Amino acid sequence: MKNLKILLLVVSFALITGCSALKIDNIEFVESPSNEKPPILGKWEINELLFRYDNTIDNEDENIGKQCFFHKDAILLLDDYTDKPKYRIKTVDLREYLLYRYKLTTEDLGIDNQEVKIITIVKDENYFAEFIKLNDEEMIYYLDDAFYKLDIINNEVSLEEIERLIEIEKAVQMPIASSEPDEFSSGILLGIKTQKLDEESKVLYWNYETIWINMQNKQLSGVYKVDDLLVPRKNGFWKIKQNRVYASESIYDKIEANPIVSKDYAKTETAYDIMSADEKYLVATSKEKKLPSILKNILFVGNDYISVENIDIERDDRKTLQVYAIDNLSEEKPIKLSDLVGENGTILFSDGARNINIEQEFALNEENFGLVRRNGYWTLKGRVNYKENEEEFYSDFSIKALPPKNMVSYDDLAIPFEIIKLNIPNVVDAFSSPNKDFMVIVTQNEIVIYLIDGDDINRIPIASIPMEDEFTIIMSEWATGRYPNIWQKILIEQGASELEVKKY
4 MKNLKILLLV
14 VSFALITGCS
24 ALKIDNIEFV
34 ESPSNEKPPI
44 LGKWEINELL
54 FRYDNTIDNE
64 DENIGKQCFF
74 HKDAILLLDD
84 YTDKPKYRIK
94 TVDLREYLLY
104 RYKLTTEDLG
114 IDNQEVKIIT
124 IVKDENYFAE
134 FIKLNDEEMI
144 YYLDDAFYKL
154 DIINNEVSLE
164 EIERLIEIEK
174 AVQMPIASSE
184 PDEFSSGILL
194 GIKTQKLDEE
204 SKVLYWNYET
214 IWINMQNKQL
224 SGVYKVDDLL
234 VPRKNGFWKI
244 KQNRVYASES
254 IYDKIEANPI
264 VSKDYAKTET
274 AYDIMSADEK
284 YLVATSKEKK
294 LPSILKNILF
304 VGNDYISVEN
314 IDIERDDRKT
324 LQVYAIDNLS
334 EEKPIKLSDL
344 VGENGTILFS
354 DGARNINIEQ
364 EFALNEENFG
374 LVRRNGYWTL
384 KGRVNYKENE
394 EEFYSDFSIK
404 ALPPKNMVSY
414 DDLAIPFEII
424 KLNIPNVVDA
434 FSSPNKDFMV
444 IVTQNEIVIY
454 LIDGDDINRI
464 PIASIPMEDE
474 FTIIMSEWAT
484 GRYPNIWQKI
494 LIEQGASELE
504 VKKY
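Start counting the sequence shown at 4; every next residue gets the next number (the working numbering).
These are calculated hints, taken from the structure and not from any lab test. Fair warning: there could be bad hints in the mix.
[Claimed, not checked] List time: in silico DSS-like cross-link candidates among lysine-lysine, alpha-carbon distance up to 25 Å: (1) Lys199 <-> Lys136; (2) Lys75 <-> Lys136; (3) Lys221 <-> Lys403; (4) Lys506 <-> Lys439; (5) Lys120 <-> Lys403; (6) Lys205 <-> Lys120; (7) Lys221 <-> Lys173; (8) Lys242 <-> Lys408; (9) Lys75 <-> Lys89; (10) Lys87 <-> Lys106.
[Claimed, not checked] Ranges of calculated distance between the beta carbons of each label pair, as one might list FRET restraints: (11) Lys228 <-> Gln117: 27 to 37 Å; (12) Asp307 <-> Glu501: 56 to 66 Å; (13) Gln222 <-> Ile489: 14 to 24 Å; (14) Ser341 <-> Lys75: 46 to 56 Å; (15) Thr349 <-> Leu53: 48 to 58 Å; (16) Gln198 <-> Ser224: 27 to 37 Å; (17) Glu51 <-> Glu170: 45 to 55 Å; (18) Asp201 <-> Ile493: 49 to 59 Å; (19) Leu200 <-> Gly484: 12 to 22 Å; (20) Glu172 <-> Lys199: 51 to 61 Å; (21) Asp307 <-> Glu395: 23 to 33 Å.
Model, not experiment: these values are computed from the prediction. For each residue, glycine too, the CB sits at the ideal point set by N, CA and C.
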């Protein structure tokens, strides 16, 4: 079935045996012993289309009324089948699962929130299908960008019946003629952060760079690196850089964002314009007795917003999260969650904080939130700060909302992260092109480029970029069509150097 593998989910721990269970990202994974019956058995019928991403398609669907057959030794799903199924189970909160896997709510599907079983079927250690089991008589099946409701017809079906239907399906399937490969043009800007220690002051600092990967017709066309963070915005490229200021016995990180200007414009700059960021800041604060000692660790950069962790050295390294608008970055005025996700932001923040299990008292601050990567996606997290025995501590929690489009413009994976992890166990992060032509896989010590072949990742990479230091991705911006070559030209103009890559 051509799009089964785009189903955003899969259990990546296929080798766990017995009645074992473990916690991964607050989700419980369980594999039943082989002598127990599978979690899905019998004959089921597709009776309702619950939701389709493309609402321009007529709701009358050819899959309605078709049947699916489940046996411990064989499965037939419409025109797809396997005679060696393996079942995996995980228990999840349905609302959170739909939000992070499909970017939907339970209201979109017209069902109530509840705890459900996610049943994943594996064929030859590869993903085959997955179902949301609401109860013993109802399931939800994601297929071809649509969600279908299945109802049970019969609790049992014989292996002979399924094998007979599979043989019929084999006979009617015709080979599909191969087509000429499409032409693709895709590129990605990756913001890279490396953490280091200032040996003199014994204080952490961070280096920021931008790596550019350009793919033309599934061929690597250029890999470049430039200092600082180059961010594409509606009004052109901007440069974001961080400067550490030492003044009045203080250490302070100042983040600046400025548009890239032409050389001709630079000739008209004033003496103040050409001062360094450190000099400007010292001029502005020269009359102050002492600057606050606050370090800034950038967690995320987008077209219009930046997420930062502030480390207050004078308050026992108290760590708080803040989000700023890039246009008003110099004001350092943090944004509330509700400013981004709407008036429900206050409720979402409070709901997330209720999951924190600490005895100490803490105050809620809706500005104390940020963005982080989790399983191949940008996610929102909140934070509460508290004291214990006069020491500073904090606790983070998930916010059950998606980053809005004006914060994260493109954040989809052509292949689910769990499937990637099955094939590339050391994956840390992943990014896939909007054209679905290539994917960037991040490990602890390199950035690896893979081609996407249909709904699969090609097992052999085309190139890798070795990284000398431990690093984190804090920005991902995609260009398609005619823009990759334009962006590459801009990076070269900004002094980007071409990187040597390892080719396979």
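Okay, the hints, checked on the actual structure:
1. Lys199 <-> Lys136: Violated, because 47 Å separates the two Cα atoms, which is more than 25 Å.
2. Lys75 <-> Lys136: Satisfied, since the Cα-Cα distance of roughly 17 Å is no more than 25 Å.
3. Lys221 <-> Lys403: Between lysine 221 and lysine 403 the Cα gap is close to 36 Å, so the pair fails against 25 Å, i.e. violated.
4. Lys506 <-> Lys439: Holds, because 21 Å separates the two Cα atoms, which is no more than 25 Å.
5. Lys120 <-> Lys403: Given pair lysine 120, lysine 403 holds - Cα atoms ~19 Å apart, limit 25 Å.
6. Lys205 <-> Lys120: Violated. Lysine 205 to lysine 120 sits at ~49 Å, over the 25 Å cutoff.
7. Lys221 <-> Lys173: violated (33 Å)
8. Lys242 <-> Lys408: Holds, at about 21 Å.
9. Lys75 <-> Lys89: Judged against 25 Å, a Cα distance of about 8 Å means the pair holds.
10. Lys87 <-> Lys106: violated (32 Å)
11. Lys228 <-> Gln117: 27 to 37 Å: Roughly 48 Å apart at Cβ, these two residues miss the hinted range, so it is violated.
12. Asp307 <-> Glu501: 56 to 66 Å: About 30 Å separates the Cβ atoms of aspartate 307 and glutamate 501, which means 56 to 66 Å is violated.
13. Gln222 <-> Ile489: 14 to 24 Å: holds (18 Å)
14. Ser341 <-> Lys75: 46 to 56 Å: Holds, since serine 341 and lysine 75 (Cβ atoms, about 50 Å apart) stay within the stated range.
15. Thr349 <-> Leu53: 48 to 58 Å: With Cβ atoms ~30 Å apart, the hint is violated.
16. Gln198 <-> Ser224: 27 to 37 Å: holds (31 Å)
17. Glu51 <-> Glu170: 45 to 55 Å: violated (30 Å)
18. Asp201 <-> Ile493: 49 to 59 Å: For aspartate 201 and isoleucine 493 the Cβ distance comes to about 32 Å; the hint is violated.
19. Leu200 <-> Gly484: 12 to 22 Å: violated (43 Å)
20. Glu172 <-> Lys199: 51 to 61 Å: Hint holds: Cβ distance 59 Å, inside 51 to 61 Å.
21. Asp307 <-> Glu395: 23 to 33 Å: holds (31 Å)
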